[in-house]
Amino acid sequence: MKKHTITLTVNGEERDLIVSSNRTLLDALRDDLGFTDTKYGCGTGECGACTVLVDGTTSINGCLTLAATMDGKSITTAAGLARDGNLHPVQQAFIDNDAIQCGFCTPGMVLKAVSILDENPNPTEAEIRHGLEGSICRCTGYTKIVEAVQDASNRLSGVGE
Amino acid sequence: MTSRVMREFDLLLPESVSEAITLLATHKDKAAVLAGGTDLLVALKFDYDIDNVISLALVPGLNNLSFDTKLGLTIGARVTIADILRSDDVKKHYPALWQAAKVFATPQLRNTATVLGNILRASPAGDCSLALYALGGTLILENTSGRREVNLDDFWLSYGVTARKDDELAVSLQVPAPSAGQKSAFRRMTRVTEDLSKLNAAVNLQMDGDKCTGARVVMGCVGPTLVRLPKVEGLLTGAIITPNFLEGISNIVGSEIKPIDDIRSSAEYRLKVAGVLVKRVIKQALNEGNDQ
Amino acid sequence: MGEFKVVGKRVERVDVRAKVTGGAVYAADVQLAGMLYGKIVRCYDYAHARVTSLDLSEAAKCKGVIKVLGPKDVTQKEYNASVLDMMVSANMRGVLGDIDDQSIFTDHVKHYGDAIAAVIATSEEAAERAAEKIKVTYEELPVYLTAEAAKQPDALQFRPEKPGNLAFELPEMAFPDNAYAWGDVEDSFAEADIIVEDSFYVPKQKQCQMEPGSYIALYDDQQRLNCWTSTQMPKLVQKKLANLYELPMTRVKIHATVIGGGFGARLGMVLEPETCALAMAVPGRPVKLLSTREEDWVTSPSRHPGKYWMKMGFKKDGTPVACDAKFENYKGAYYVDASGTAFTTGAWLGGMYKFDSLRYRGESYYTNQSICGAFRGYGNPQTNFVMEQMVDRGCAELGVDPIEWRKKWHKTVGDDGWCIGVPYNSCALDECLDRAAEAIGWTEKREKYKNQTGVKRRGIGVAVMNHTSGAMPMLLEHTVCDVLLHQDATATINLACSDMGQGSHTTLRQVAAETLGFSYDDVHIATGDTDAAGFDIGAHASRTLYVGGGAVKQACEDVKRQLFDRAALELEEDVSNLYMEDKIIHVKGASNKSISVQTIADQGVNNFMNPENGELIGQPGQIKGYASFFPPHNAPPFGATIAEVEVDTETGEVKVIELVNAHDVGKAIHPGVVEGQLDGGAQQGLGMALTEETYYDEKGICQNNSFTDYKMFGPSDMPKMTNILVENPDPTGPFGAKGVGEAGIVPPVGATANAIFNAIGVQILEAPITPEKILKALEEKDANS
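Chains as they are written, first to last, in the working numbering: chain A, 14 to 174; chain B, 964 to 1255; chain C, 404 to 1188.
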């Protein structure tokens, strides 16, 4: 089986690695690079626990992406959202709105929220819910997650400050 | 049952269409083409065994999504569902396709999955495929001997089987330009919002005022491939579409489909509600996409 | 009750910062030096078969393989993954009927996914590829998927100890006539003016916790068996593994990792025995076992499905005279939890209404389905689906308002609770019903939706529930807690309670801070290490705050008592004359006489002699509080849900418009945590009512053990949610709190079913209530009218 030498920029840091053809981006991130904040939840692109952002804020499933096709790409995981110990406004909104329970979906969910707000800084509730499809949470019933995204939207657009 | 680690294969990364088709000519049925990969990787995690995966990641020129009032819509092999959703031209001229893209899978999958991939999957439930079936389209296939065109009407042969030859690469899809008075819509039924369709329908109506002068009516999840409903199309053509007329249409849909029982629904239920879905999708088309 | 400083506040949860940055370490994230990987070979071709041959030789030759293990290569001891046997006294174990009928690997496949053999290899990939080379042949056996099939006289017997494949029925020795009962139902039915009766089906719902089963085990150089697991019950799993591998508890250590959701799926043992079996085969090497989602689905327990028959009798004035019920559940392949749910399903029924007589029978039958066990609610959602629909049918026939009837006839303070002989000590269900009704506009909507004719019809329905805080008196309730006071006057609370994400470590910390009179930041909750922590039953039965919190409170009071004793000595005052404020202990009425907690704590640790007089400065000894806590009661939570739905009568599709949940929570220690439990419970309750069911084809092959094929309510499906927290402090709960971990899932089930009944005038007897079933029922209704 062919091995591929690739360079990934993960959370702003450049990493060279050698991956087999069948290595998923998820496994490369978790097992080769130690970004265990990206989770395996189903392996088939249904649950969104493996969500990462590519080249900005495009959300994809790490479990359905071959690492070797990602050479030169820039990847953001949840671990890369905070800057100098300061949480991203979306992360802070998740905390402040009690949108986190078991936390297993949280890294993917937070990244998803970032991508929703990047595409549409002032989404309606229905748009938030539509955008959150593909990220399963079994703990919260989504209510507080939706509230957190609304709150983050306000924070990012300066409302209420 | 999936594996956590896919079986071995070689990943080939051609950098041009010609390189890709040369690889296909070499490996034929021993190779699978990866564009978005959202279906292929799932298959590879199940028991699909393939020696080579030819990725289109580095092939330039396949991202083309363009609209021309004469030529219509061109969709390149790497155009994703998200690209469709972002296109104002698609939203305006091909509402059925835009509506299908809107509910297609999940945001992550929409960012990755390609329109052509959905067509090549030949699933009898494919949402974007169904919308395109209604709109009509021609697939451009290329191999080392050249290009050929296949009308979508002739493309899906049976469940998972298409007219694509092993050595052919589907490079783009051409959707005809919309005519004045063309109205299309897509509608589906699912168990929960994010789900594969358990029943879907799309229409493309040629309207002259209140009168329908031409119709394509297609359904998914009611047979081994997506199907057209010729009787319904025949009745629609030349008709003034009234609520009573639609009830009549609704009642004959069942005679044109052969659904089965599966995980998502039953044959019995599908037969019962198919007419309702067709009725509603026609109304939706006439209401310019507004629900009901 | 006075003002609280920490309790009742929406403090930042202890775990969220790590979770939101992805730093929280779940079992799959643990990486150890020299790690090996296991892969279990499971039977996915048959649900019932005998292994006729097993060939491991090809697999053993594969690259990277360290060992291949068949049934003979691991412990031959049978076990029972459930922990119920550890929760009852020795003489009650017979009542449970527990048997050890599981083995690490089997030659008799009893369900889709049963384990046959395993590979240990240097990588996950090598283990997977080698596992594919293990050759197994089978002899197919007849498949029994239901109780009805399994009880046939000619059916193959799963276990000789359990004739008729009847794994469990309420035993005669504790339940005369094999029934949980009071009064005489036959006599009472004779007095009834109206009798309603029907047979229902409740589905095999799956917890679908986001973290698939992930484990690591290591038999280390000290000959200690270590297991990293996201179990809900570290101390019981420690003891279970000690028993299975015949080791003293000192040689078994559970490293309790962050739990990616439990809901019952991590109650007792799941794949800990298998992972440890692999580790025992390669001493000194850690072995990691990671499940696929589909594998987790069929190897961890589900809710008990089955047939649920019920009959209720009422007098014309609404008096509930009799209720007779029988739940025959399809237990699955092994005994685990056969007894618990079969009993509690009736207990919740018995705890709800003031029937003159009641009789409930519960039977668990072996079937060729994957195992059933604990799932949030533990029988209560099943009962809610059936009982609440029967009550509404009765109300319809009586012509009474379902809320008014419930307010009049639900059990309350002084009535027997879910356990006969243990009366309820608090109940605010009336207030729940009143406030929920007002919030949703019950009266107006019931009137408005009476005579609808359109395609889309609205309906509004109510359901109530009783539950429990801990399993006392049926099961052992015990938590040990110790509190170490540091010299800087901060405290570490050490206990084994696990937090599945429900927020219990946060609320326990709030209880500790409030009790100590410290700030939230002054307290740390230390858990996860079974070497260090004393006994705790584990996170189940909505008990962690109620029982764990009771232990924390008692241990913190112990610290406080010691602080006051020392202050009294230092200040030369009587303890009764002292009070504490902002960590300073003052003498009442003497503003200049005080000593800080900091001083006492520091002097206890850094205790020196005064060189001038040779006396010790302050009181020596680091203060440690301790509690071995057995709760006095089970502080029953009550709750009501009102659901509004819209049914499309052409397609049978249901849209849930709104859900109002009003719950008697005693005291909300952290309102956000409580709301989160109700929100999340509702998502699961709606799923059970409308979409969720694991099912099999006639051969017993599971058809939908994946998120592609099994559908839960997603963000766009969830309705508008309103939660009303009714705070009616329980006299026995810490600061009045009751457990709410399970309450939220229960009444949405019945309320949704009743809202559909209200919308279309027909009841659907099988959950989940799918469009397919609704359309069929509407057609039958039309045909009959």
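Keep in mind the hints are simulated off the structure, nothing from the lab. Do not take every clue at face value.
Stated by the list, open to error - Quick look at which bits of chain A chain B covers, simulated, 3 or more residues with Cβ under 8 Å:
(1) 32-44
(2) 50-57
(3) 69-76
(4) 144-155
(5) 158-171
Please read all numbers here as calculations on a predicted model, not as lab measurements. Just so it is clear, CB atoms sit at the ideal spot from N, CA and C, and this is done for glycine as well.
Results of checking the hints against the structure:
no., hint, in the structure
1, 32-44, "holds (count 5)"
2, 50-57, "holds (count 3)"
3, 69-76, "holds (count 5)"
4, 144-155, "holds (count 4)"
5, 158-171, "violated (count 0)"
Hint 5 from the earlier list is the only one contradicted by this structure; the remaining hints agree with it.
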